[in-house]
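Participant: Here's the letter readout for the chains.
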Amino acid sequence: MKKKKEVKKIVFHSAKEMPLMPMSLGSMLYNKTGSWRNIKPVIDLEKCIQCGICWKFCPDISIYIENEYPVIDYDYCKGCGICAEECPTKCIVMVEEKK
Amino acid sequence: MKKEKTMKLSLPEEEFINSGHLACQGCGATLAMRYVLKATGKRTVVCIPACCWAVIDGPFPHSSLDVPIFHCAFETAASSATGVKAGLEMVGDHETTVVAFAGDGGTFDIGIQALSGAAERNDDIIYVCYDNEAYMNTGIQRSSATPYGAWTTTTPVKHFKNRPKKDIDAILAAHGIPYLATASIGYPEDLYKKAKKAKDIKGTRFLHIYTPCPAGWKSRPEDTIKLSRLVVQTGIFPLYEIEDGERYTINMKPKERKPINEYLKLQGRFRHLTEDQIALMQEQVDKNWERLLRRVSSEE
Numbered sequence: 044m045k046k047k048k049e050v051k052k053i054v055f056h057s058a059k060e061m062p063l064m065p066m067s068l069g070s071m072l073y074n075k076t077g078s079w080r081n082i083k084p085v086i087d088l089e090k091c092i093q094c095g096i097c098w099k100f101c102p103d104i105s106i107y108i109e110n111e112y113p114v115i116d117y118d119y120c121k122g123c124g125i126c127a128e129e130c131p132t133k134c135i136v137m138v139e140e141k142k
Numbered sequence: 603m604k605k606e607k608t609m610k611l612s613l614p615e616e617e618f619i620n621s622g623h624l625a626c627q628g629c630g631a632t633l634a635m636r637y638v639l640k641a642t643g644k645r646t647v648v649c650i651p652a653c654c655w656a657v658i659d660g661p662f663p664h665s666s667l668d669v670p671i672f673h674c675a676f677e678t679a680a681s682s683a684t685g686v687k688a689g690l691e692m693v694g695d696h697e698t699t700v701v702a703f704a705g706d707g708g709t710f711d712i713g714i715q716a717l718s719g720a721a722e723r724n725d726d727i728i729y730v731c732y733d734n735e736a737y738m739n740t741g742i743q744r745s746s747a748t749p750y751g752a753w754t755t756t757t758p759v760k761h762f763k764n765r766p767k768k769d770i771d772a773i774l775a776a777h778g779i780p781y782l783a784t785a786s787i788g789y790p791e792d793l794y795k796k797a798k799k800a801k802d803i804k805g806t807r808f809l810h811i812y813t814p815c816p817a818g819w820k821s822r823p824e825d826t827i828k829l830s831r832l833v834v835q836t837g838i839f840p841l842y843e844i845e846d847g848e849r850y851t852i853n854m855k856p857k858e859r860k861p862i863n864e865y866l867k868l869q870g871r872f873r874h875l876t877e878d879q880i881a882l883m884q885e886q887v888d889k890n891w892e893r894l895l896r897r898v899s900s901e902e
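Going line by line, the protein sequences match chains A and B. According to this note's numbering, the first sequence is numbered sequentially starting from 44. According to this note's numbering, the second sequence is numbered sequentially starting from 603.
Just so you know, the hints here were simulated from the structure itself, not pulled from any lab data. We put the beta carbon where it would ideally sit given N, CA and C, even for glycine. One or more of the hints may lead you astray.
Computed cross-link-like contacts, DMTMM-like style, restricted to lysine to aspartate or glutamate with a CA-CA straight-line distance of at most 20 Å [as the list claims (entries may be wrong)]:
(1) Lys-610/B <-> Glu-111/A
(2) Lys-99/A <-> Glu-616/B
(3) Lys-889/B <-> Glu-864/B
(4) Lys-798/B <-> Asp-725/B
(5) Lys-90/A <-> Glu-128/A
(6) Lys-804/B <-> Glu-722/B
(7) Lys-99/A <-> Asp-668/B
(8) Lys-51/A <-> Glu-616/B
(9) Lys-99/A <-> Glu-617/B
(10) Lys-610/B <-> Glu-89/A
Here are some, though not all, of the chain A residues that point toward chain B, as calculated from beta-carbon distances under 8 Å [said to hold, decoys possible]:
(11) Leu-68
(12) Ser-70
(13) Thr-76
(14) Ile-104
(15) Tyr-117
(16) Lys-121
(17) Glu-129
(18) Pro-131
Label pairs and their calculated CB-CB ranges [claimed, not checked]:
(19) Ala-688/B <-> Lys-133/A: 46 to 54 Å
(20) Glu-89/A <-> Pro-614/B: 25 to 33 Å
(21) Gln-879/B <-> Trp-79/A: 35 to 43 Å
(22) Lys-133/A <-> Ser-612/B: 19 to 27 Å
All chains should be modelled from the sequences, with the hints used to inform the complete structure.
Facilitator: What follows is the structure in structure tokens.
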């Protein structure tokens, strides 16, 4: 899976710029939901058994597979903790976010 | 990084949903959409009525899905999907799958006449109901999918809901639709298999997906998957398929059903229940499970 590309927010300055029909013009990737979280998951790859369960259950699609190992995209992770809860070897731990 | 084992994923890697969507932490509905779209693939049109997903998708002109979305009025999920499918047929496109993706309010209460009409006409759509057991988007009001005993803002603790959940699957099975299945996001492979099967069938297909809602159920966000597994293991929400309204198949038969207390204690909305009320609920669950088993055995 490739890393997500940068997308800018679309802003209309006048009604003339708007499309005639309400339609989707861009993705929500501009919305960096990482700022929502208080705790963040950290993966210890030494203990990882590459089961893919964290990737499978991530509701924010912020875990992607790179070089056969899961990588967390902290731009979008909302810190729900499902990955840490479901990890069979408990190699993901939730740590306090430093602000 | 010493291991050589290659990673085997149980679901296809392609995603049709982007990060940055507006779902709460630990949202089950997002996972339901993710798995259904993995099964139906790129050539899909999704019709979304007013429900959580109308918000999760994002504000105009942005969208968090990579497939076309049609936002429609609350009660018209099934009829809009019918219209989209008819339009596609008119221009000669017979391959695109049309999915109506509605919450439990838009299916059990408000959208049931449109759904019943579509099921009666046997229109070629997949209707997905993600069931979070209340009107979560507008602020946790009771719906007819809310189970007995649950707290919501319109059924407060002193007057909690004292009626059982509506059996929507039996209502739709009575329409004789070609395919109906219940699924839980705790078993994504099963959900994926059912959505894939539904895609290859013609006619109205109904998927009833159980999706926990941490905000409305007052549960911890990390328990979302645990709850959606427990609900199947306790027998509250059994996983089964009904073909042509009569052939029942139970997909997961737990050897020993867990006591429902294990499921209830993880959720704040059931915290006020007394031992007697829990015993009453357990009795009801047992009765429903027996009824399902009777239906299965009567077909054999």
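Participant: Each hint needs a verdict: does it hold in this structure or not?
Facilitator: Results for each hint:
1. Lys-610/B <-> Glu-111/A: holds (9 Å)
2. Lys-99/A <-> Glu-616/B: Holds - the C-alpha atoms of Glu-616/B and Lys-99/A are around 12 Å apart, at most 20 Å.
3. Lys-889/B <-> Glu-864/B: The hint holds at about 19 Å.
4. Lys-798/B <-> Asp-725/B: holds (18 Å)
5. Lys-90/A <-> Glu-128/A: holds (15 Å)
6. Lys-804/B <-> Glu-722/B: Measuring from Cα to Cα gives roughly 14 Å; hence the hint holds.
7. Lys-99/A <-> Asp-668/B: Distance ~19 Å between Lys-99/A and Asp-668/B Cα, so the pair holds.
8. Lys-51/A <-> Glu-616/B: Given that 20 Å is the threshold and the Cα spacing comes to 23 Å, the pair is violated.
9. Lys-99/A <-> Glu-617/B: holds (11 Å)
10. Lys-610/B <-> Glu-89/A: holds (18 Å)
11. Leu-68: holds (4 Å)
12. Ser-70: Where the cut-off is 8 Å and the nearest Cβ of chain B is about 5 Å from Ser-70/A, the hint holds.
13. Thr-76: holds (6 Å)
14. Ile-104: holds (5 Å)
15. Tyr-117: violated (11 Å)
16. Lys-121: holds (5 Å)
17. Glu-129: Result: holds, 6 Å to nearest chain B Cβ.
18. Pro-131: violated (12 Å)
19. Ala-688/B <-> Lys-133/A: 46 to 54 Å: About 52 Å separates the Cβ atoms of Ala-688/B and Lys-133/A, which means 46 to 54 Å holds.
20. Glu-89/A <-> Pro-614/B: 25 to 33 Å: With Cβ atoms ~28 Å apart, the hint holds.
21. Gln-879/B <-> Trp-79/A: 35 to 43 Å: holds (36 Å)
22. Lys-133/A <-> Ser-612/B: 19 to 27 Å: holds (20 Å)
Hint compliance for this structure: hints 8, 15, 18 are not met, and every other hint is.
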